[in-house]
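The residues making up each chain are set out below.
Number of protein chains: 2
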Amino acid sequence: MIDCAEGTQVQLRKNKIRFSQINHIFISHLHGDHFYGLIGLISSFSLLNRTSDLHVYGPKGIKEITLLQLKYANAYTGYNLYFHELESKDSVIVYEDDKVLVRTIPLKHRVYTNGYLFEEKTGERKLNMNAVLNHEIEVCYYQNIKNGKNITLDDGTVIDNKELTFDPVAPMRYAFCSDTVYTESYLSLIQDVDVVYHESTFLETEAHLSERTMHCTAKQAAEIALKANAKQLILGHYSTRYDSIELFKQEAETVFPNVELADDGKTFEFSNLVAE
Amino acid sequence: MIDCAEGTQVQLRKNKIRFSQINHIFISHLHGDHFYGLIGLISSFSLLNRTSDLHVYGPKGIKEITLLQLKYANAYTGYNLYFHELESKDSVIVYEDDKVLVRTIPLKHRVYTNGYLFEEKTGERKLNMNAVLNHEIEVCYYQNIKNGKNITLDDGTVIDNKELTFDPVAPMRYAFCSDTVYTESYLSLIQDVDVVYHESTFLETEAHLSERTMHCTAKQAAEIALKANAKQLILGHYSTRYDSIELFKQEAETVFPNVELADDGKTFEFSNLVAE
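The listed protein sequences correspond, in order, to chains W and U. Just so we're aligned, residue 1 is where the first sequence starts under our numbering, counting upward by one. Just so we're aligned, residue 1 is where the second sequence starts under our numbering, counting upward by one.
Treat each hint with caution, since some may be false.
It does not matter which identical chain is meant; a pair holds if it fits inside one copy or across any two.
Simulated pairs of lysine-lysine, DSBU-like, Cα-Cα distance not exceeding 35 Å [stated by the list, open to error]:
no., residue 1, residue 2
1, Lys14, Lys121
2, Lys249, Lys162
3, Lys266, Lys16
4, Lys71, Lys108
5, Lys71, Lys146
6, Lys249, Lys108
7, Lys249, Lys14
These are computed hints drawn from the structure, not numbers from a lab. These numbers come from a predicted model, not from an experiment.
Sequences are here, hints too, so could you generate the full structure?
Below you can see the structure in the form of structure tokens.
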């Protein structure tokens, strides 16, 4: 999960997302609309008798705040709660497993803030079953082939891996850029991402407010997507002063063609880049 | 306002309660379902450019937690925020003005907890206009009469105040008893209240859980209302394990006749003790 505003647990229940699915929470910064729901979620995990580890990534201070609240509530968790506090102004790797790697995207806001870049790792190559069966290769070799190895047959013939496999599904990269003033400092980091979520708190008509409060306009978010050569832009974090969020889409599309609007409860399927 | 769970500001907006009406917040204890919405409300007050003072009453620790969150958000309030921290195990007066007096009701829960007793002060006596006009008393004496003074006419006759006035509206007393195990220790404090709100987390079928988690059953809440000689009991704080909150009313009514059920967005008019 990325960020956790007040009432997140209510939204999770409303959208029937199982709490037990959440094992890693990435917090961008310590403003209320990005993390005041964390302590409630951590407490609810306890009430639900969670036993699996929970990892929280976020700015220095997040551990002190959370533990102070748990102390006064006399309510320590029945599960292991790990804090990974961030202070670096450079991008750092915060999480890695065999399928995904997560790095920070240093942003510029009124307090220390990071976005997060989620990079899938290249998967196994896919077996070309026709070729594999033609060569009568035994099943026990399949994993080696998927791992990219060539195969030597009993007669000494070497079959090149490329003949036996197809390329794996292209790994996806997703950049989550929360609150930030317009800056090109993180463009190189998110270059060529498949999807960039970018805050767009204001429209250009309020550019002066945007600058002062260190936010972006829809147009600026679109410029980031364009310069990063992203495939798709998802906008969010709209000021409530506007009558319709469609205005953000319209403004962004003057700069960048493929724009979607995040909204409460809306989901996006990244594998084919289509909003549900 | 009494207590402030996560999402309270959402509920306030939903029920069209103006934020500026709230100047005093009484927190019973530092469990999340009673105060995790406080920091969000305090932050929203700032965003709304509040300038009037805000007073928060609650257990020791509430100031430390709130100020730590504001520090890391780099977001101090543009209004004066006063904390009145409580540590006493005896009832103390926490607020008083010319109309109302608020005392703590020491409760017994897993952490230091207080309910709050709101006591209206006796208002002015009401003018008996027929009597006042009969005696041709000038308007400039009306306030003195309302304050209970006798009047000396020009001919020296003294008119007793009781002849010129009716008794004021009887002042109301409201006891808010949040999380507590069953105890009779606060009965004398809330004796003869007009309305007692009392938690009833469980039904008698879960009395063992109630005792262990230091909560009350609906029947126990009704016993408190009965022994306190309250006029009306409002139940709340129901465990979500039950299919219908009507079950709480049914159980309580076996002990005490006048039971109402608190529920999201429901309001009660105390002047005539009728639920709207």
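Consistency of the hints with the structure:
no.	hint	in the structure
1	Lys14 x Lys121	within (32 Å within a copy, 45 Å between copies)
2	Lys249 x Lys162	neither (43 Å within a copy, 73 Å between copies)
3	Lys266 x Lys16	both (13 Å within a copy, 26 Å between copies)
4	Lys71 x Lys108	both (32 Å within a copy, 18 Å between copies)
5	Lys71 x Lys146	neither (50 Å within a copy, 52 Å between copies)
6	Lys249 x Lys108	within (23 Å within a copy, 54 Å between copies)
7	Lys249 x Lys14	both (26 Å within a copy, 27 Å between copies)
Against the hints set out earlier in the document, violations occur for numbers 2 and 5.
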